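Visitor: Going by this note's numbering, the first residue of the sequence shown is number 4, and it counts up by one from there.
Derived from the structure by calculation, the hints contain no laboratory data. A quick note: this is a predicted structure, and the numbers were derived from the prediction, not measured. C-beta atoms are modelled at their ideal positions from N, C-alpha and C, and glycine is treated no differently. Hints are all accurate, no fakes.
Restraint-style ranges between C-beta atoms, simulated for each label pair:
id, residue 1, residue 2, range
1, L442, V420, 15 to 21 Å
2, E34, G194, 47 to 53 Å
3, Y408, T91, 47 to 53 Å
4, E34, V427, 33 to 39 Å
5, I29, P102, 33 to 39 Å
Straight-line distance between alpha carbons at most 25 Å, and here's what the computed DSS-like set of lysine-lysine pairs gives:
id, residue 1, residue 2
6, K275, K400
7, K188, K86
8, K275, K464
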Amino acid sequence: MNFARSSVKLFLANVLSSGLQFIGIIFFARELGASQIGAFFLFQALLGMLAIPADFGLRGAVEKRISEGESPEVFLSSAILLKLIPITVIILVILILRPLINGYLGADFSIYLALAIALQEAAQLSIFVLRGELRVGETAILNVVQQAIWVGGGAVLVGYEFGAEALIFSLLVGTAVMMIWGWSKSSISLGRPSVSHARSLVDYGRYNVVSSIGGYFYSWMDVAIIGLFLTQAHVGAYETAWRVTAVTMLFSRAIASTLFPQMSQWDAENAKQRIESAVQDTIGPSMLLVIPAFFGVLVFSHEILGLIFGPEFTIASVVLIILMGEKVLQSIHIILGRTLQGINHPGLAAQATAASVLLNLVLNIVLIQLFGLVGAAVATTVSFAVNTILHGYYLSKFVTIELPYLEISWCILSSVVMASVLWVIQRVFSIDTIPRLLLPIAFGAIVYGILALLFHPIRTKVFTHLRSSITIN
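Please model the complete structure; the sequences and the hints are all you need to start from.
Guide: Right, dumping it as structure tokens:
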């Protein structure tokens with residue numbers, strides 16, 4: 004597997020996918036308002052939370068075992084049988100608790116939720132199988148197709164005044180297409196299920212599920228609790244701010260997605276030095292976009308939410324700044340976490356995640372009631388800082404972690420200069436339309452890019468990755 008090429012390919016696909024999603028959220032936020040899009044976000048939050056017991060860590064276990072190269076067809080068939088049990092139970096529970104679920108979501112969405120959990124699990128399993136085959140780059144198009152269908156189908160249905168249901172219908176169709184396409188790409192045929200292989204999956208999955216819980220809780224716990232204590236409009240504003248910050252993690256996620264199966268293979272080969280080198284070489288690029296994004300949001304948080312999404316979304320302006328700062332931590336954590344799992348220590352990753360999830364839950368319940376949306380953002384940021392520190396501590400027991408301090412410092416310096424330029428522009432010119440907002444942002448990105456590339460180590464890594472990504476093997 005060409006590591007750099009797969010990372011860049013996945014990054015470009017993620018840019019397109021997230022760009023489509025971002026355009027969709029802007030359109031839907033303007034057409035439906037914070038309350039209606041908030042109802043859809045609550046649906047997604049519940050779907051994300053239910054994905055934890057529906058999967059129970061098996062997707063990551065499948066990726067790990069298939070990447071090791073032994074009996075992939077037996078592992079796949081065993082995993083499918085294992086997954087059928089929790090999915091069936093969850094669907095039955097959803098049907099039994101329909102009145103409560105519909106009351107929480109604010110509409111009769113429970114049947115859609117049952118269908119969505121089945122489609123989502125089947126689609127996501129196909130992606131993890133492809134990752135396990137070291138074909139990470141081939142998964143790139145799948146998310147793009149799903150988002151294109153969600154945005155395009157949702158826009159058509161919104162025109163027919165379907166409201167939040169328009170977004171749910173198009174999400175279901177996009178996920179179904181993703182599922183069919185993903186399985187058509189897999190080269191692994193089904194074998195005869197094996198008790199020993201199933202036990203191996205469960206042994207890995209029982210630890211991996213805690214890390215999965217951390218991922219889903221991190222993404223959706225604050226939204227779910229906001230839905231309990233505040234309004235759907237607050238949910239819509241908070242989650243919109245979250246989606247804005249998520250755009251900055253595109254390259255970091257692309258690197259991490261490619262990193263895990265490669266680390267797993269190197270661990271099987273006992274190639275410790277290659278693992279250490281990869282960790283050091285990927286942390287810098289992982290932070291390359293999130294650091295300037297944080298400083299840019301310091302200047303333009305209110306304008307980004309107010310002009311692009313609408314005035315009612317500006318209640319999350321401070322939230323946007325806090326969550327963007329949290330993404331700086333996440334860009335480090337995502338490398339450390341995938342490496343720790345890749346070298347076959349999911350138990351330690353689970354311990355770190357369990358501690359941060361518990362802290363996140365407690366802080367969200369307390370701080371949301373005290374400080375509203377800002378409390379939710381602070382709770383998420385503090386708990387994720389703890390999670391990152393613990394992952395770094397555990398990983399350092401097995402490999403030497405050397406952070407690229409000079410690269411990080413140069414990115415910060417370049418970002419401070421960029422933010423100063425943006426601040427001057429904000430004071431001199433009136434930023435009251437979307438074009439007047441986008442032009443300074445684009446200019447700031449150019450200033451940062453030029454300054455960052457003046458530093459030789461950064462310039463070398465960037466051009467090396469670009470050359471590797473287009474080199475034909």
